[in-house]
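Participant: Fit chain B to the known structure of chain A by using the hints.
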Amino acid sequence: MMKIVNNVTWKIGGEAGEGIMVTGILFSRACVRAGLKAFDYTEYPSLIRGGHNTYLAQVGEEDIFSHDRSVEILVALNQETIDAHVHELSAGGAVVYDPDDKKVNVSGLRKDLVYVPLPMAKIASEIAGNRLMRNTVALGTSFALLQFPKEIVHTVMKDVFGSKGKEVVQQNIDTFNGGYDSVSKQQIERFGWKLEKRKPHGDIVITGNDAIAIGAIAAGVKFYSAYPMTPASSILTYIAEHAEQYSIVVKHAEDEISVINMAIGAGHMGVRSMCATSGGGFALMNEGYGLAAITETPVLLVLVQRPGPATGLPTWTGQGDLQYALHAAQGEFPRFVLAPGDVTEAFEMTAEAMNVAEEYQSPVILLSDKQLAESHSTVAPFDSSTIEIRRGKRITQKQLNAMREYKRFDVSTKDGVSPRSFPGMKNGMYIANSDEHDEQGFSEESSKNAIAMFQKRQRKFEDFQSKMPQPELHGEKNADVTFVFWGSVKGAVREAMKKLREYNLTSNFLQITWMSPFPTQAVSKLLKSCKRVVLIENNREGQLGNLIRQQTGFAIDEQILKYDGRPFFPEEIVDYINKE
Amino acid sequence: MAIVKDFETKRFPTWCPGCGNFGIWTTLKQALVKAGFEPHQVLIVFGVGCSGNETNLIHGYGFHGLHGRALPVAHGAKIARRNTKVIVVGGDGDGYGEGLAHFIHTIRGNPELTYIVHDNQVYGLTKGQTSPTSEKGYKSSSTPSGVIEKPINPLSLALAAEATFVAQGFSGNAAHLTDLIVKALEHPGFSLVNVLQPCVTFNHHNTFQWFYRRVYDLAKEGYVPNDRMKAIERAREWGDKIPLGVLFEEVRDTYEEDLPQLVKMPLADEPLDDIDISPLVKELQ
Numbered sequence: 020m021m022k023i024v025n026n027v028t029w030k031i032g033g034e035a036g037e038g039i040m041v042t043g044i045l046f047s048r049a050c051v052r053a054g055l056k057a058f059d060y061t062e063y064p065s066l067i068r069g070g071h072n073t074y075l076a077q078v079g080e081e082d083i084f085s086h087d088r089s090v091e092i093l094v095a096l097n098q099e100t101i102d103a104h105v106h107e108l109s110a111g112g113a114v115v116y117d118p119d120d121k122k123v124n125v126s127g128l129r130k131d132l133v134y135v136p137l138p139m140a141k142i143a144s145e146i147a148g149n150r151l152m153r154n155t156v157a158l159g160t161s162f163a164l165l166q167f168p169k170e171i172v173h174t175v176m177k178d179v180f181g182s183k184g185k186e187v188v189q190q191n192i193d194t195f196n197g198g199y200d201s202v203s204k205q206q207i208e209r210f211g212w213k214l215e216k217r218k219p220h221g222d223i224v225i226t227g228n229d230a231i232a233i234g235a236i237a238a239g240v241k242f243y244s245a246y247p248m249t250p251a252s253s254i255l256t257y258i259a260e261h262a263e264q265y266s267i268v269v270k271h272a273e274d275e276i277s278v279i280n281m282a283i284g285a286g287h288m289g290v291r292s293m294c295a296t297s298g299g300g301f302a303l304m305n306e307g308y309g310l311a312a313i314t315e316t317p318v319l320l321v322l323v324q325r326p327g328p329a330t331g332l333p334t335w336t337g338q339g340d341l342q343y344a345l346h347a348a349q350g351e352f353p354r355f356v357l358a359p360g361d362v363t364e365a366f367e368m369t370a371e372a373m374n375v376a377e378e379y380q381s382p383v384i385l386l387s388d389k390q391l392a393e394s395h396s397t398v399a400p401f402d403s404s405t406i407e408i409r410r411g412k413r414i415t416q417k418q419l420n421a422m423r424e425y426k427r428f429d430v431s432t433k434d435g436v437s438p439r440s441f442p443g444m445k446n447g448m449y450i451a452n453s454d455e456h457d458e459q460g461f462s463e464e465s466s467k468n469a470i471a472m473f474q475k476r477q478r479k480f481e482d483f484q485s486k487m488p489q490p491e492l493h494g495e496k497n498a499d500v501t502f503v504f505w506g507s508v509k510g511a512v513r514e515a516m517k518k519l520r521e522y523n524l525t526s527n528f529l530q531i532t533w534m535s536p537f538p539t540q541a542v543s544k545l546l547k548s549c550k551r552v553v554l555i556e557n558n559r560e561g562q563l564g565n566l567i568r569q570q571t572g573f574a575i576d577e578q579i580l581k582y583d584g585r586p587f588f589p590e591e592i593v594d595y596i597n598k599e
Numbered sequence: 002m003a004i005v006k007d008f009e010t011k012r013f014p015t016w017c018p019g020c021g022n023f024g025i026w027t028t029l030k031q032a033l034v035k036a037g038f039e040p041h042q043v044l045i046v047f048g049v050g051c052s053g054n055e056t057n058l059i060h061g062y063g064f065h066g067l068h069g070r071a072l073p074v075a076h077g078a079k080i081a082r083r084n085t086k087v088i089v090v091g092g093d094g095d096g097y098g099e100g101l102a103h104f105i106h107t108i109r110g111n112p113e114l115t116y117i118v119h120d121n122q123v124y125g126l127t128k129g130q131t132s133p134t135s136e137k138g139y140k141s142s143s144t145p146s147g148v149i150e151k152p153i154n155p156l157s158l159a160l161a162a163e164a165t166f167v168a169q170g171f172s173g174n175a176a177h178l179t180d181l182i183v184k185a186l187e188h189p190g191f192s193l194v195n196v197l198q199p200c201v202t203f204n205h206h207n208t209f210q211w212f213y214r215r216v217y218d219l220a221k222e223g224y225v226p227n228d229r230m231k232a233i234e235r236a237r238e239w240g241d242k243i244p245l246g247v248l249f250e251e252v253r254d255t256y257e258e259d260l261p262q263l264v265k266m267p268l269a270d271e272p273l274d275d276i277d278i279s280p281l282v283k284e285l286q
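Taken in order, these protein sequences are the chains called A and B.
Be aware that the first sequence starts at 20, since it is given in our numbering, and climbs by one per residue.
Be aware that the second sequence starts at 2, since it is given in our numbering, and climbs by one per residue.
One chain only, chain A, in its complex shape (with noise of 0.2 Å):
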């Protein structure tokens, strides 16, 4: 039988605490040892054990920005995996579940799969003695049916589990191993799927919350404050697991408002500074949001989005804080807000955003969602040295010294950025004050003087404005489609723009990348030079689409806009673009 060659989507389904996260990252892993590229991307609810989980990797051998809806092998863990998903799988696709498990029924469904039997919980009771490692086992079977070396498993468990001590990492070998030698001669021959090594690149493969905390790390993070919220904690965890070994101070706050004034403290002193939360966190959040423009501390808000408004769907993706995040906190001030779209992106923007913060003395807001803060991607090492480290005007003790008065908030400058000193200089004396306040930060209400802070603070944002990343068009030129989106929904965007190929339509996309400012000229040039244009984002309202007309005068009418908290599959704009 003809296989198809390194290009499949292994899916493993069953409920909450079995495992199901660490066995996906071991497949996707050991694929991209193997010189391929995985995607991969997990559901899960907000329940500690129980529920329905999945894990899917889509693997190939060309850079993969995004899953599809077809599946190859499915691991069904429960009936629900299989109730849920064995409509998903290709014709041909194999569904390997455990016959000893009496909940467990495959009689009367679709003849066109390849059913693999596998006592997994016995395989993994007699080798492990623990049942529990019944996924250990399915991870064995899902590489023998695709011929996939076993040796490159064996070493990614041993780099996975080695800190765990020699024992587990045997246990998990003869577990695997034991899942790998049951399969038939006769099973692997029905499948119709396989994978190759290629030359490895020495990929990594890596979240975006990993990328954000490892941006940040590079630029230089020194203080961390969070609470817990998903789907923004494993930024928190990371950076946590990593603190002594940079010499960060990560605090774990008893609230969200503690943790932005956490992290206005450390960055009033020089710290470089930063906290990530999701939308409820961010609520809290508002007030010292604003705080820090007034006081002009740089300090940088990760909000990783999820579907609102209050608890929402904890553990699902949106977009619907885009708005939010342009207009938080009261009254009015600079509001820097960027977006990333993908894992690179994300590490390399969050330590621009740090610079960014540091220059203009103001916080700044980086947004992301779940569907790019927990996926994982396949892509080239990052390199701390594309990383340039700019830590604005700081005033030193000598300049000090030299000063007959030292003004903190010197209205002068024509870029509004007034040197910052610190606790400790001589001479170098202020007032970081939320009230309204003169050059040295006293309290002032005058007419003169709020006029005066105002612009001050404004000349910042426009001094950016003038000289922030422009947006440009990627992709083919002259396309018959171009897609306007920002944030995670690239991935789907690139993915969709591939197959369309398959349809002779040639197509590029504008990605928004800084929504504030926002790059009004550029944006509106490229626009009116476009064909088709279809805005693609996952929220209800087109919050991208309204700011671009608000900004431009520019409507985009085509629209396709996901809010049920999943994120979009290629195919659903591939299917838009034929239809309309």
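Computed list of lysine to aspartate or glutamate pairs in EDC-like fashion (alpha-carbon distance at most 16 Å, straight line): (1) A:Lys177 x B:Glu284; (2) A:Lys467 x A:Glu455; (3) A:Lys122 x A:Glu99; (4) B:Lys11 x A:Glu424; (5) A:Lys412 x A:Glu378; (6) B:Lys184 x B:Glu250; (7) A:Lys517 x A:Glu590; (8) A:Lys216 x A:Glu81; (9) A:Lys475 x A:Glu378; (10) B:Lys221 x B:Asp180; (11) B:Lys283 x A:Asp402; (12) A:Lys475 x A:Asp434; (13) A:Lys22 x A:Glu215; (14) B:Lys283 x A:Asp178; (15) A:Lys121 x A:Glu99; (16) A:Lys547 x A:Glu491; (17) A:Lys412 x A:Asp434; (18) A:Lys445 x B:Asp7; (19) A:Lys517 x A:Glu81; (20) B:Lys11 x A:Glu463; (21) A:Lys475 x A:Glu463; (22) A:Lys183 x B:Glu284; (23) B:Lys231 x B:Glu250; (24) A:Lys475 x A:Glu455; (25) B:Lys184 x B:Glu251; (26) B:Lys11 x A:Glu458; (27) B:Lys265 x A:Glu263; (28) A:Lys445 x B:Glu39; (29) A:Lys517 x A:Asp82; (30) A:Lys177 x A:Asp193.
Residues from chain B that face chain A, not an exhaustive set, calculated with beta carbons under 10 Å: (31) Gln42; (32) Gly66; (33) Leu67; (34) Ala102; (35) Arg109; (36) Ile278.
Footprint (simulated), chain A over chain B, 3 or more residues, beta carbon under 8 Å: (37) 49-58; (38) 74-83; (39) 253-263; (40) 267-277.
Because the hints were derived from the structure by calculation, they are not lab data.
Built from N, CA and C at the ideal position, the CB exists for glycine as well.
Facilitator: Relative to chain A, chain B alone:
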């Protein structure tokens, strides 16, 4: 060495004549001098309220934060530069109402902060509403029929949260209060100085005379502040007798001492060039 004048600014207080804030303001400046600080070595973080307006009246590094949120700003600042003396000044509404969670949680960590609370049992800046420390039955513009709740007892709360330095002063006894603040500034850990003060404009119950007749000096009674349970007993005294002085003191590791990241140098002085992320990248390959 600095003198009191060094801690003064060109601004004049906007408080009502006779306000207890004058006494606290004066003693804080004196205590800073006595404890040997120069203005540039000190960061004072203020809450919002009549006490917060003191921001403009003390020469030093100041931070006028949000209502109720001074403690977390100070905690973050202290972690960033542990060599800076960080003091927090707020009021009863600010610290025991809006910011109560921060009060308890900051105490748990024992960062080296001195927290001076202007406790006048009323909201002054918003013109006379009830405060978390108002007595039950206290009539105010927001509780015309009298407060239903019992008041917060900040001293007992602090003691229950394992505070390492708990003291109470009175704005009408400047010499005593100065000594208390000096002791607090010298304490290696979190120090609370709750300062009873009259609000001459809005609180006609807890007046200067009212306090004056009730307060007594713990030290003069031979009280030794080394027993937390005895301190809680004293902290609960309110009515005929109100204790002044140090109720409890012990030495325990500070938050900063428990962070190995802060041993080598202040966090703010950590160099940012040559940060090597390759070990992190390797973990992901």
